[in-house]
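Line order of the protein sequences matches chains A and B. 1 is the number of the first residue of the first sequence in my numbering; add one for each residue after it. 1001 is the number of the first residue of the second sequence in my numbering; add one for each residue after it.
For the record, the hints were derived by calculation from the structure and aren't laboratory data. Hints are not guaranteed to be accurate.
What the hints assert, rightly or not - Per the computed footprint, the stretches of chain B lying under chain A, defined by three or more beta-carbons under 8 Å from a beta-carbon of chain A, are:
hint: 1; stretch: 1020-1032
hint: 2; stretch: 1068-1082
hint: 3; stretch: 1103-1110
It should be emphasised that the depicted structure is a prediction, and the values quoted were computed from it without experimental measurement. Heads up, the beta-carbon is just placed ideally off N, CA and C, and yes, glycines get one too.
Protein chains: 2
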Amino acid sequence: MKIEEYLKAVEEKIKFWIDELGDEYISEIFSSIKSGKMVRSQLMFLISKDEKMVALSAVIELIHLASLLHDDVIDDAEQRRGVPSVHATEGSKVSIMLGDILYSKAFVELGSYSETIIKDIANGVVKLSMGEIADVNLSKEFNSDENLYLNMIYNKTASLIEVACRVSAIHSGKDGVKFGEYGKWLGMAFQIIDDILDIVSTSEELGKPAMNDFIEGKTTLPYIYLYKEAPHLREKVKSFHLKTLSEDEQEWIKEQFEESGSLEKAMDLAIEFSEKAIKNLEKENGELLDIVQNLIERKK
Amino acid sequence: MKIEEYLKAVEEKIKFWIDELGDEYISEIFSSIKSGKMVRSQLMFLISKDEKMVALSAVIELIHLASLLHDDVIDDAEQRRGVPSVHATEGSKVSIMLGDILYSKAFVELGSYSETIIKDIANGVVKLSMGEIADVNLSKEFNSDENLYLNMIYNKTASLIEVACRVSAIHSGKDGVKFGEYGKWLGMAFQIIDDILDIVSTSEELGKPAMNDFIEGKTTLPYIYLYKEAPHLREKVKSFHLKTLSEDEQEWIKEQFEESGSLEKAMDLAIEFSEKAIKNLEKENGELLDIVQNLIERKK
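Isolated chain A, as found in the complex (with noise of 0.2 Å):
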């Protein structure tokens, strides 16, 4: 079975399962929503090579999704990979219940796994959603530690990828540990670049307004860096905190962000994960660091 057969088969479970539960409005507004790569599922097969995951991934992906529905009433997101999202078109009321829809759907489908299966993956998803909500306190005011901000990405974004390696790697009879830590590395490393991004790519690569964090409040680990390696800069960088910032203010960040090195130490330290999740991979595993290798060449 190719990647894209794989891929394929997981999304029609997933429809399968939807279509399963009798109701015509729940099908039509989820065929409204578009599908992303699926990384949690192309890592799910790339490790267990096993056609039979299909399910579990449905689920991985299931909940991902559901994920998604909160976080765009959360933002008040009005687009998702390009399309209006369902909490623009049918309301946050809709686009709540729906999210505890995939969620629940998940774990009937995940009744079917062992103990360990299901505690891990429903772990994973109080994980996340304990990371969803430090993201909106730390948002609050200018946050300065760095430890609090790995850790909320580690548990808003890590956790389920760490998660979905770990469980098939298990499910198919290898090691649990060793996938679940490249999983791990692998999604601390892709949150902070993706960070990053958001400040030095344009709003038209990003297919989304650039430096728009800040502006939602998200002090990334760039800003920390910035605050600690440039004491003189404090004050002026905390006044632009939750603010829009004019194009002059964007670019004079910009520059302080380069003369100061912050943006690279934080590239510094993705590429310093990104090696902890390779780190004990094998040969055979090539596709796995093709994934590690393209992430930090990644422009958007």
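Fit chain B to the given chain A structure using the hints.
Only chain B this time, still in chain A's reference frame:
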């Protein structure tokens, strides 16, 4: 073990699970949530007569609490059980995410049970959320379809009570079908009586504004029957939908409920359902009979 001790043990189990998450903020906001009557746990104890059911009751209560946290966002509710809602004090973002944490922590703990119980409970949450979407959608226009209404309240209210009763029977070696039916029809009767009380009680008795359902767009059973029984009033009744009514208008509609016999007809259906609930019970289930009796006689 007395029922009070049992309920106390359920509460302690929930608190233990929340504290186990190791997040002070989450423990703090969780402790601000006031306990309810824990009807589902009461039923589970009365059915199973087994104190080993504490953890499973705690799972059901966590799920119920999670659904209320999302409900409060959807209804924009300022209060819950007479105290400010999490939605009101912490905002909708935290209320959504805390709900997700409670749902997923419930599923973590549920992982220790049999596949039958896991799937039954997770399916209950699917139905609950589908019922919420149906409630939102049916409230957009005047709904005169009794079946749509009954199906919605089954999903929204009765399904989790049904599941709670069924799993406590199964887990204690009793008849799952019999007690599941009990829970289902009890839940149906409960919701219809709740809808009647919205009309016949004063705001003081309810502890919330009276006749509020119709203002929110909810065409409950008495409204559906009024529409059916009094064709000459249809236009006027429909014109009141989704509106805040003057005292005179409220009085007028209450008179029409009396004259048309719609309230009585709704009560008859509630009684019919409560009879279905107790049909298969035996003498030894006296307390379960009492619950139904009290429900029919309850004032608020």
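For each hint, the structure was consulted:
With a threshold of 8 Å between beta carbons, the proposed coverage of the stretch 1020-1032 of chain B by chain A holds, since 4 of its residues qualify and at least three are required. Counting residues of the stretch 1068-1082 of chain B whose C-beta lies closer than 8 Å to any C-beta of chain A gives 3; at least three are required, and the coverage claim holds. For the stretch 1103-1110 of chain B, the proposed coverage by chain A is satisfied: 6 residues have a C-beta within less than 8 Å of a C-beta in that chain, meeting the threshold of three.
In summary, this structure violates none of the numbered hints.
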